[in-house]
Amino acid sequence: MSVATPPAAGAARQFAVLAARNLRQARAGRSIGLTVVFPLTFFAGFMVVFHRLMSDYGIAYEQFLPPAIVVQTTVLVAMSACYMVAGDARSGLIARYRTLPMGAAVVPAARLVVDAARAAVAVAVILVAAVVVGFRFTAGAAGAVGFVLLAVGFAVVLAAGCAALGLGARDPEHVYSALTLPYLVLTTVSTAFVPVDAFPGWLQPVVRVSPFSAQVDALRALSTEGADQRVWPALVWLLGLGLLFGFAAARSFRRTR
Amino acid sequence: MSTVTQASLFAGRNLRRFFRAPPALIYSFAFPVLLLLTQFVVFGRIVGDGDRQHYLERLAPLVVLSTAAFGSPSSAVGFLRDLKGGLVDRLRTMPVRPGALLAGRVAGDVLRIVVIGALTTAVALLLGFRFRQGAVAVVGFFAVVALFGAMWAAIALWRGSGPGDEESLPPSLTGPATLLFIFSSGFVPVSAFPSVVQPVVRANPFSVATEALVGLSAGGPVLVPVLQTLAWVLGLGGVCLLVALRRFARRTAG
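Taken in order, these protein sequences are the chains called A and B.
Going letter by letter, the first sequence gives residues 4 to 260 in the numbering used here.
Going letter by letter, the second sequence gives residues -16 to 237 in the numbering used here.
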């Protein structure tokens, strides 16, 4: 033991350094505008535009819309993770990490924990705005906590899927624009903005099985009546997508050169 | 070479660059079509008051117009790359008039917008959208689309020639474009908005251009909305173009 190899930092310290770096990256890029300013603007816009029409349709939009905006926000958090991961893969940072004496789980963990934190902040901002316009948690504190946990969990699962795409991408811009198309279709063809009976009859079965409908409906349940049978589909989707995307992300992470 | 020949060369170059980038190309065509389909099925019943076709008469023109706005970020980034990537510096050593490059960019953008707008209109026709005012009105319809496209092309030149980089430019254009889209009379009727907001909705360039296109397809007033659209195009588009020209001239002179 004569050669002076400096001891590798502990896993916790490694994690802290990488997580701090990912946070700085998020703050420097376009992520705050995309995940905080855009959803807030969209929320305000949709409240103004649809409040009267929806109340004619028998829906209190200030209670109906916020869970949808929360889901939309968590999707945007995940999509921006894709952009950042793709940048790291292209710049060679991930390849550089590989040459360092680090635990295999440190890099993905630092990514997903930071994404969870970004999602939590974005969701908190939306909820404050929602409460200002009349949104209420009528199922008590347990429902509210479940609401935030489910929303953040969804963001992390989607971020893992987006990271899998981002790792394999050569051009972050292309992946990002390509993702906006499924984002547009999946978030709108769901119960996010209108109830299922507002869709054409042939499309209603599709709307009912959408994971986005499941997520929005579960959040609506948690903010009104509390955890009931509407939460189960969301949890099943969360588990299923979590396994699928987790596997995909691990696979493309191992393949990244 | 005359300025017109030079400008058409640049327009051709920009169009070739657009058609040779498959991912961006697919995105440019797919986005308006998906936007039309999703908004139609999601909001058709509630906004159309039970009559989806009635909603389509206004939604289709709005989505056709939105191709101009949502294409502007990539156009602005393209111009920024021309400026920063050395193309403009190279052109300074050649007998090229400064206006030719800008005119070429506007012409290329307008052609692209009209082509994508025509495709989106074709999808709208499949859904049940109809031109009920005759052939001349169809020509007028696409002329208004071209005018509106020229305004967004000028806005893209203004943004692309200013400060700002490839990362900050796109959101600075898509953000306002999304808001204008939502707050327009094509998305929901003016009467559904709170009364304080209604004057803003009526004055929105998307609203006036949508009204013009509705008049030229389903039927309704044409002259006033066309003049209002023209005022927006000449006013906002003209100012943006002048600022871009000045910045460009300063750059090519220095």
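Fair warning: there could be bad hints in the mix.
Stated by the list, open to error - Taking CB as the label site, the calculated pair distances span:
#  : chain 1 : residue 1 : chain 2 : residue 2 : range
1  : B       : Asp148    : A       : Arg254    : 30 to 36 Å
2  : B       : Pro146    : A       : Gly229    : 48 to 54 Å
3  : A       : Leu247    : B       : Ser155    : 32 to 38 Å
4  : B       : Gly145    : A       : Gln28     : 33 to 39 Å
5  : A       : Gly137    : B       : Gly147    : 50 to 56 Å
6  : A       : Pro208    : B       : Pro146    : 22 to 28 Å
7  : A       : Gly13     : B       : Arg64     : 28 to 34 Å
8  : A       : Ala144    : B       : Lys67     : 38 to 44 Å
9  : B       : Thr76     : A       : Leu103    : 47 to 53 Å
10 : A       : Pro198    : B       : Gly147    : 16 to 22 Å
As the list claims (entries may be wrong) - Chain B is faced by these chain A residues, among others (derived, beta-carbon under 7 Å):
#  : residue
11 : Leu56
12 : Ser180
13 : Pro185
14 : Leu187
15 : Phe202
If you are wondering where the hints come from, they were derived from the structure by calculation, not from laboratory data.
Every residue gets a Cβ at the ideal spot worked out from N, C-alpha and C, and that includes glycine.
Verification of the hints:
Between B:Asp148 and A:Arg254 the beta carbon distance is about 34 Å. The supplied range of 30 to 36 Å therefore holds. Evaluation of the 48 to 54 Å hint for B:Pro146 and A:Gly229 yields a pass: the beta carbon distance comes to about 51 Å. About 36 Å separates the C-beta atoms of A:Leu247 and B:Ser155, a value consistent with the hinted range of 32 to 38 Å. The beta-carbon spacing between B:Gly145 and A:Gln28, approximately 26 Å, falls outside the hinted interval of 33 to 39 Å.
With their beta carbons about 37 Å apart, A:Gly137 and B:Gly147 fall outside the hinted range of 50 to 56 Å. The hinted range of 22 to 28 Å is not satisfied by A:Pro208 and B:Pro146, whose Cβ atoms lie roughly 50 Å apart. Taken as a hint, the range 28 to 34 Å is violated for the pair A:Gly13 and B:Arg64, whose Cβ atoms sit roughly 45 Å apart. A hinted range of 38 to 44 Å is violated for the C-beta pair A:Ala144 and B:Lys67, which are about 53 Å apart.
Distance hint check for B:Thr76 and A:Leu103: the Cβ-Cβ separation is about 48 Å, which falls inside the suggested range of 47 to 53 Å. Distance hint check for A:Pro198 and B:Gly147: the Cβ-Cβ separation is about 41 Å, which falls outside the suggested range of 16 to 22 Å. This hint holds: A:Leu56 has a C-beta 5 Å from the nearest C-beta of chain B, less than the 7 Å allowed. A hinted interface residue such as A:Ser180 counts as satisfied when its beta carbon comes closer than 7 Å to some beta carbon of chain B; here the least separation is about 5 Å, so the hint holds.
About 9 Å separates the beta-carbon of A:Pro185 from the nearest beta-carbon of chain B, more than 7 Å, and the hint is not met. Proximity of A:Leu187 to chain B holds as hinted, the smallest CB-CB distance being about 6 Å (cut-off 7 Å). Look at A:Phe202: its Cβ gets to within about 6 Å of chain B, closer than 7 Å, so that hint holds up.
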